[in-house]
Each structure stands twice: as C-alpha cells, then as structure tokens.
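Residue 28 is where the sequence shown starts when you use this note's numbering, and the numbers rise one by one after that.
FYI, nobody ran anything at the bench for these hints, they're computed from the structure.
A hint or two may mislead.
Stated by the list, open to error - Within a straight-line C-alpha distance of at most 25 Å, the following computed DSS-like cross-link-like pairs (lysine-lysine) qualify:
no.: 1; residue 1: Lys272; residue 2: Lys360
no.: 2; residue 1: Lys350; residue 2: Lys331
no.: 3; residue 1: Lys350; residue 2: Lys360
no.: 4; residue 1: Lys350; residue 2: Lys271
no.: 5; residue 1: Lys177; residue 2: Lys271
no.: 6; residue 1: Lys257; residue 2: Lys272
no.: 7; residue 1: Lys177; residue 2: Lys272
no.: 8; residue 1: Lys177; residue 2: Lys162
no.: 9; residue 1: Lys271; residue 2: Lys373
no.: 10; residue 1: Lys331; residue 2: Lys272
no.: 11; residue 1: Lys373; residue 2: Lys360
no.: 12; residue 1: Lys360; residue 2: Lys271
no.: 13; residue 1: Lys373; residue 2: Lys272
no.: 14; residue 1: Lys162; residue 2: Lys257
no.: 15; residue 1: Lys331; residue 2: Lys257
no.: 16; residue 1: Lys360; residue 2: Lys331
no.: 17; residue 1: Lys177; residue 2: Lys257
These numbers were taken from a predicted model, which means no experiment stands behind them.
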Amino acid sequence: MEEQKMRGLALAAGKMAVVLAALIFLYVYGSFLLETIISQALNNASLNTLWPLIAEVAILVAGTQIFLMISKFLISRYLENRGKKKEIRVILTLYSYLVWAFVGIFLLSTIFKDVGALITSIGLIGFGITFALQKPILNFVGWLTIVLTKPFNISDRIEVTGIRGDVLSINTMYTRVQGTRPAAQTKSDQIITIPNELILTNPVLNYSRMGDVYSDDITVSITYESNWRKAIDILESVTTNSVKKYLKNNSPVTFAEKKSWQEAVGLLQEASKRLRRGFVKQSVQEKIEILRTAEIASEIEIPKPRILMSLGASSIDLNVLYKTDLHSIRDTKHSIVRSFMEAVEKCPDIGLAYPHMQIVYDEKHGKYAGQRKLFMQEQELR
28 MEEQKMRGLA LAAGKMAVVL AALIFLYVYG SFLLETIISQ ALNNASLNTL
78 WPLIAEVAIL VAGTQIFLMI SKFLISRYLE NRGKKKEIRV ILTLYSYLVW
128 AFVGIFLLST IFKDVGALIT SIGLIGFGIT FALQKPILNF VGWLTIVLTK
178 PFNISDRIEV TGIRGDVLSI NTMYTRVQGT RPAAQTKSDQ IITIPNELIL
228 TNPVLNYSRM GDVYSDDITV SITYESNWRK AIDILESVTT NSVKKYLKNN
278 SPVTFAEKKS WQEAVGLLQE ASKRLRRGFV KQSVQEKIEI LRTAEIASEI
328 EIPKPRILMS LGASSIDLNV LYKTDLHSIR DTKHSIVRSF MEAVEKCPDI
378 GLAYPHMQIV YDEKHGKYAG QRKLFMQEQE LR
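Start from the sequences, fold in the hints, and give me the full structure.
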C-alpha cells in the first residue's frame, strides 16, 4: 500500500513538472504561433496551404502512438524478465513523456522555419526552468536513482552524511527515517527528513543489506598476572549466551515449520509452470531445486564468537568479535559486559587492568621514588 502511494505521488509530481514546462513554453510561443496561423489564413482565402501541415501533424501523432504501443510492450517484457516488475509503470511513464517531448520539438520545427532560433529559445527556457527548479530536480533524480538501483528498501537501517536511522518512507522529494541515538544503534523518537539530493550525491551506508545481522566487538583488558586462558573461556561463554538471547535467527525449527517449508516449495513449483520463459522462470526453477534438495537443521547455527589477543604496554587486551541482531546491539553489549564482570568477580586469579597513579616511598633513602602510571597491581620497590 505504501509503495503504491509512493508511485502515485511520483507520477503526479512528474505530470505536474511536465505541465508546468508546457505552460511556460506555450506562454512564450503561443502568441507567435497564433499570429502565424492567422496570417496564413488571411493571406490565403482558402486553407489549402494548411491542409498538408495538418495532415503531417496527424500522421506524426498517429505514428508516435503506434510506436509507443509497440516499444512500451517490448520494454515491459524486458523489465519483467529482469525481475523489475514494480518499476515498469514509472519507467514507461517517463519514457512516454520523453518521446512526446521530442515529437513536440519536431512539430514546432516544422511550423517555424527558423529551426536554429527555435532550438536556442528552447535551450534558454530549459536553462531557466532548470536553474529555478534545481533542488527539486535533483531530489526527483535522486528518487529515480533509489527506485531503479534500490540502494535500500523500507525498514532498512541506513546512514547518509552522519544521519542514521530506519527508513520509514521514500517520496519523490525526500526520504523519511526514524533516527537512532548518536552513541548507539537504538531507535530514538526523532523523525528525520533526508532530501533525496543527499542520497544522490553522497555515499549511503546500508546496515541491513546483508540482513538484520550486525558485526560488533568489545575489548577487555586484563593484567599480565591474570589467568588469560580462563578469561578467554569466560568471555567466549558469556558472549555466546548473550548472542543467543538477542539474535533472532537462533530459534529451533518446529515440525510445523518444516511442513510449511515443503508446502512453500510445492506452491513455487506450481507457480513456476505459469511463468513465461525467460530470466525470471529460469531463476525461480533454480531456486526451487535448491530449496527442494536442502535439509532444514533442527536449529539454525549462529556464528561462533572470535577472540583475538594483543599485548598492550601494561595489559593483555582481549577483543571479542560477534554477530547480533541489528536492533539489539546495545542490549547485547550490555549483557556481555555485565555477565563478564559477574564471572570475573568470582575468579581471584583474573584482574582487570585500568589506568591509575601509584606513589612509591623509599624508606631506605627517605624519599619518594617517583610517580608512575600503572595498569597492573601494586608492586614493591626493590
């Protein structure tokens, strides 16, 4: 429903732009055309000289209509075979506007003998319209780019020029997103309107392109005296449990779901028989064969967390890489950190490294030995 409304608004905007351009053009040349016709009618008692022109216009319009019918049919078949059925209406409408615009220019060139002056005037008028409607035109072209190339869809999480949020709607002039908090990926109450011009001229980050799975990492620093093997086991365990809690794909597949899978494959096979030969039919048949021979596991396996070690100046750094649900990034990180802290509290052989100041007094010489920044536990001066 939302996509139909979006296309309707797009078509209405395109029609309004064409009508506006036509009105400006007719305003400039209307009086001149009227004077030309009247002068020819007055100079010739009969309209014999106008009949060839009228016949030429009628033949050109009829031929253009026939050409559009055939070419639009071929274009629609091509787009349908390429799997772009939703964009057919918009593309054909814009194609018709362009064809009729060229036909109109050709008709005017037959009426006005000075073709060079006509082209120059049209260029000047086009430049004026483009300059006056520069931003709306860029926004409209940006919308066309979104519709045709699909860098993102509704509900995808994107980021453009530092603006990040979930896409709510895509309109001809702007894209509306629900923003996220700056320091996290959680949703906020802000509704942000992004002009399509920014999407056209700037890089777009799509966090949902590969699904609602987000890769994140946490770094934990422990002291060199700590049992680092035990710390790695604890960190891996708490990360796995936290990811299972929030990653949606980690759910058991029931018998009903397996049955639904088989029924869906059967329905696809029946539907593929009604498709015409082409790219879509071949692609569907390939997917059906893959689904038919595939087996559903009792539980979808989630990626195992990876832990990488590095040696710091005064600490052992453990960096854990994991995947979680895109909309639960902050909750997953909180769960990992809290579970790790609770587990470390019960392990006296694991100490967390942190920056602090230590002042050491040398009793032998009766003076301070100095100050040092340490990450490790307190040491004695020897």
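Consistency of the hints with the structure:
The suggested pairing of Lys272 with Lys360 holds, with an alpha-carbon distance near 12 Å, which does not exceed 25 Å. Annotation: proposed proximity of Lys350 to Lys331 holds, straight-line Cα distance about 8 Å (limit 25 Å). Straight-line distance between C-alpha atoms of Lys350 and Lys360 comes to about 11 Å, which keeps the hinted pair within the 25 Å bound. About 10 Å separates the Cα atoms of Lys350 and Lys271, which keeps this hinted pair within 25 Å; it holds.
Between the alpha carbons of Lys177 and Lys271 the distance comes to roughly 32 Å, so the proposed pair goes past 25 Å and is violated. For the suggested pair Lys257 and Lys272, the alpha carbons sit about 23 Å apart, so the restraint of at most 25 Å is met. A distance of roughly 32 Å separates the Cα atoms of Lys177 and Lys272; the hinted pair therefore is violated under the 25 Å criterion. Between Lys177 and Lys162, the direct Cα distance comes to roughly 21 Å. Compliance with the 25 Å bound is thereby established for this hinted pair.
In summary, the hint linking Lys271 to Lys373 is supported, as the alpha carbons are separated by about 23 Å, within the 25 Å threshold. As the CA atoms of Lys331 and Lys272 are separated by approximately 14 Å, the hinted pair is consistent with the 25 Å bound. The hinted pair formed by Lys373 and Lys360 meets the criterion: a straight-line CA distance of about 21 Å does not exceed 25 Å. The hinted pair formed by Lys360 and Lys271 meets the criterion: a straight-line CA distance of about 13 Å does not exceed 25 Å.
A hinted pair counts as satisfied when its Cα atoms are at most 25 Å apart, and Lys373 with Lys272 qualifies at roughly 23 Å. Of the supplied pair hints, the one linking Lys162 and Lys257 is violated, its CA atoms being roughly 60 Å apart against a limit of 25 Å. Between Lys331 and Lys257 the CA atoms are separated by roughly 18 Å; this keeps the pair inside 25 Å, and the hint holds. Proposed proximity of Lys360 and Lys331 is supported: the alpha carbons are some 16 Å apart, at most 25 Å.
In summary, the hint linking Lys177 to Lys257 is not supported, as the alpha carbons are separated by about 47 Å, beyond the 25 Å threshold.
Checked against the numbered hints given earlier, the structure breaks hints 5, 7, 14 and 17 and satisfies all the rest.
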